[in-house]
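Just so you know, the sequences run in chain order L and X. Each residue of the first sequence is one higher than the one before, counting from 1144 in the numbering used here. Each residue of the second sequence is one higher than the one before, counting from 84 in the numbering used here.
Hint data in this document are derived by calculation from the structure and do not stem from the laboratory. Remember, predicted model here, so these are calculated numbers, not experimental data. There could be a bad hint or two in this list.
[Unchecked claim] Short derived list, chain L residues pointing at chain X, Cβ under 7 Å:
{"hint": "1", "residue": "Ala1406"}
{"hint": "2", "residue": "Val1413"}
{"hint": "3", "residue": "Pro1415"}
[Claimed, not checked] Listed next, the in silico SDA-like pairs over lysine to any residue satisfying Cα-Cα at most 20 Å (straight line):
{"hint": "4", "chain 1": "L", "residue 1": "Lys1411", "chain 2": "X", "residue 2": "Lys173"}
{"hint": "5", "chain 1": "X", "residue 1": "Lys173", "chain 2": "L", "residue 2": "Asp1403"}
{"hint": "6", "chain 1": "L", "residue 1": "Lys1298", "chain 2": "L", "residue 2": "Ile1267"}
{"hint": "7", "chain 1": "L", "residue 1": "Lys1287", "chain 2": "L", "residue 2": "Ser1180"}
{"hint": "8", "chain 1": "X", "residue 1": "Lys96", "chain 2": "X", "residue 2": "Arg127"}
{"hint": "9", "chain 1": "X", "residue 1": "Lys172", "chain 2": "L", "residue 2": "Tyr1418"}
{"hint": "10", "chain 1": "X", "residue 1": "Lys173", "chain 2": "L", "residue 2": "Ile1267"}
{"hint": "11", "chain 1": "X", "residue 1": "Lys172", "chain 2": "L", "residue 2": "Ile1326"}
{"hint": "12", "chain 1": "L", "residue 1": "Lys1294", "chain 2": "L", "residue 2": "Arg1276"}
{"hint": "13", "chain 1": "L", "residue 1": "Lys1220", "chain 2": "L", "residue 2": "Asp1261"}
{"hint": "14", "chain 1": "X", "residue 1": "Lys172", "chain 2": "L", "residue 2": "Ala1407"}
{"hint": "15", "chain 1": "L", "residue 1": "Lys1436", "chain 2": "X", "residue 2": "Glu87"}
{"hint": "16", "chain 1": "L", "residue 1": "Lys1435", "chain 2": "X", "residue 2": "His132"}
{"hint": "17", "chain 1": "L", "residue 1": "Lys1411", "chain 2": "X", "residue 2": "Lys200"}
{"hint": "18", "chain 1": "X", "residue 1": "Lys172", "chain 2": "L", "residue 2": "Ser1246"}
{"hint": "19", "chain 1": "X", "residue 1": "Lys173", "chain 2": "L", "residue 2": "Leu1239"}
{"hint": "20", "chain 1": "L", "residue 1": "Lys1314", "chain 2": "L", "residue 2": "Gly1337"}
{"hint": "21", "chain 1": "X", "residue 1": "Lys96", "chain 2": "X", "residue 2": "Val108"}
{"hint": "22", "chain 1": "X", "residue 1": "Lys158", "chain 2": "L", "residue 2": "Ser1390"}
All C-beta atoms, glycine included, are put in the ideal place defined by N, C-alpha and C.
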Amino acid sequence: MSEGLSIGFLELTGCSTCLENVLLHEKLSGILGGLGSVKYWPSHGYTEEPDSLDVLFVSGAVRSRGQVEKLKKLRDKTRVLVAYGTCSIYGGLIGLTALIDASSRSGEFLETVKTVPDIVEPDILVTGCPPTRDQLDELAGVIKDYLENGKPRGKVFIGNRNSLCRDCPRKPRDPYRFEMPSIKRDHELVEDDGRCFLEQGILCLGPVTSSGCGHLCILRGRPCMGCNGPARGVVDQGLNYISSIGSILLKSMERIRMFDYFAAEMDKLVDPMGYLYRYTLPKSLLTELALKKRGVGEK
Amino acid sequence: MTWEPWLIGFLEKWTAGLAAESAGVNRVRYSPNIVLINIPCPSRLSPVHIVKAFLAGADGVYIGGSMPPANCHYKVGNYKTFKRMYLLKKLMAQFGIEPERLRMDWYVSPMYRALAKNIDEFVETIKKLGPITSRERVDGL
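Same shape as in the complex, but just chain X (with noise of 0.2 Å):
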């Protein structure tokens, strides 16, 4: 049984959401690895939560935003998003988890293609760095 990554991705639902949504109408694949939950404003994500997302089991962490960054829908909330993922990723890090497992983006709306290259582009890499725990997982999911 092969090994594939798993990874879960939150997207502001007025930009990066309505890209990913794009992407589904126009038909443009990206890997089905991830699996997308779109969130009124990522600034709403506590590290809390990401660090809970990789306990339970995900290799990986992504979020979109968007783009550009002064164009959020909440003003401000990208600059509060970045802020605290720049600081979690220096701390895991610190404790030894790779921080490109976690990684960031940002969107307009019409960008369902690079949404769709920059997922992949992240699936590669965590392919890459293996699993987070040396646990098997079923597969599957």
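Next comes chain L alone, as it looks inside the complex (with noise of 0.2 Å):
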């Protein structure tokens, strides 16, 4: 099946390390034929560009005018594209970028970050960063689809897209009496008693976060920071994570208390949207705001 396959390789913006365990991964290198069928990959050495591709893999954010024209001419050289990677959906590490305007000091760069599903179409998203065995495991099956049977139709997104919290491992004490006790920064936290990390009051991403990760972190130890992306029905990580400690954060001091020692709670959330956009910035309806005020034209 996999005689003749052109596979292709492309790597914007970002440490691009994620597209390494595509080869990797057994199932999913048998159907795309190996190192043998691939056919363009600049970093390796596979410079040439071919006439046309079977499957492409991009990963990274797209910066540059250069990697705008290069993401849309392969494009339309390619049957199978597969955006890899939070950073080529969601802008990832590369995102926190985003309002920072380059394009003074060389006309090369954009003024902002933008993301792969901003300039072309592609036909599969896998988030994840990077993309976990099971989340190739089942990219394995949808590219073998593919390439047997035709183009689906709409986009094909890979991975759970339920909330992290939903099958977490780290269960509150009482789920109708759920509080969060204060704002820590998580090397303050000194005795994990193994609870949920907002009932100690850790900030944990899990509410606003997609669970295709497997809990890589929570696991051992430490609060979800947010790379997998958005779960399903979060319009913005930050706008509805903020909605979402809202309710929960020092509750039973509600009607006892007054606003300004909530005010001085909150204080101690020094950097919100380096937290809360770590991975998902360009992507933000705040960042859309921004850009605009400034008059940054497409956007």
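Hints are included, so try docking the two chains, each in its own frame, into the full complex.
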């Protein structure tokens, strides 16, 4: 089946380490035909642009005009375009520069960070930083289906889109009296008792993050940082998170203390933009508003 | 064509909304630049709603709740509103959007004169800040 397949890898702005996992995954590599069918991978020496590609994996965010053109050109030549990794779909860590206008330095740069779905229409979206083994298993099946049966309608999203809290192993003591007692930064947690991070006062982005990652951080004692992108029904990770912690923060102190008490507690969240939008800043509604305010054109 | 600010206000219907009605009955004038919407409780407003109002072209968003805060019709709604809007203001400041464009005030129903005065003040603040987007807007709304 893998006879004569031509696959390509395109690395845009980002670390692009996740692309290495594609050919290391046995099932996926078997379907794609291994290293022998790689026709285009600029960073690994396959610099010649082929006439047509069956599968193209794109990782990283779009930062320069040259990348936009290259992406559009390759889209026309490709049957199945896979936006691979969080950076390509939500901007990722590179997206934290979305509000820095680099175009004044050099005309080559865009005014903001764009993502792959902003420029072209991808066929398959795979989130994750990096995408996990389960997601790659699912991706292998989907790509096989694509190559054998042709293009199904619409985009395919790989991974579980439910909220991370839904099957989280850390349960709260009583879900009906759920309260966040304070805002702590994660190094301030002295004794971890294995309960929900929010109930211990640690900011965990689990409620608004989709659960494709399989709780990698949470099982190892770290709060979620939101790398897997927003869950189903979440419009904007940061704004929806504000809404949810507004309901649970210091709930038992409501009607007892005045507003300045809550304000003092919330001032402990020193950098809300960096914390709540660590991986999804270019897709934020507030970024859209800030860029509109500056008069940055297309977005 | 001179620029006029366009504002949107969400009033809690049990107190601030009643104050707005009393302002009408008592012929107290306030600035016509604001469109007031009565909602049962401002804690229903998600920050997403506020930012979408800005994106739709509102230059400022006004929220009226009940005073004292513990007197909320739904017991704790004002506190939740305050927490959400406080964090949203912090976020807006980081994104380079003036946090003064979002204002909260607390009312009891006879405070219609204060409501009119605060709305006029808010309109003046927004006039000083200027339009939120550089795009020209159609006059009349």
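Let's test the interface hint: is any C-beta of chain X closer than 7 Å to that of Ala1406/L?
6 Å, holds
With a cut-off of 20 Å on the C-alpha distance, tell me whether Lys1298/L and Ile1267/L pass.
Holds - the C-alpha atoms of Ile1267/L and Lys1298/L are around 6 Å apart, at most 20 Å.
Lys1436/L and Glu87/X were given as a pair; does the straight-line alpha-carbon distance stay at or below 20 Å?
17 Å, holds
20 Å Cα cutoff - pair Lys173/X, Asp1403/L:
15 Å, holds
Holds or violated: Lys96/X with Arg127/X, Cα cutoff 20 Å?
Given that 20 Å is the threshold and the Cα spacing comes to 12 Å, the pair holds.
For the pair supplied as a hint, Lys158/X and Ser1390/L, is the alpha-carbon distance within the 20 Å limit?
At roughly 13 Å apart (the allowed maximum being 20 Å), Ser1390/L and Lys158/X satisfy the hint.
Are Lys1287/L and Ser1180/L close enough, with their CA atoms no more than 20 Å apart?
15 Å, holds
20 Å Cα cutoff - pair Lys1411/L, Lys173/X
Between Lys1411/L and Lys173/X the Cα gap is close to 11 Å, so the pair holds against 20 Å.
Pair hint Lys1220/L and Asp1261/L, alpha-carbon separation not exceeding 20 Å
18 Å, holds
Holds or violated: Lys173/X with Leu1239/L, Cα cutoff 20 Å?
17 Å, holds
Mind checking the CB of Pro1415/L against every CB in chain X and telling me if the closest is under 7 Å?
This hint holds: Pro1415/L lies near chain X, its Cβ roughly 5 Å from the closest one there, short of 7 Å.
Between Lys96/X and Val108/X, is the straight-line Cα distance small enough, at 20 Å or below?
Between Lys96/X and Val108/X the Cα gap is close to 16 Å, so the pair holds against 20 Å.
In this structure, the hints that do not hold are numbers 2, 10, 12, 17 and 18, in rising order.
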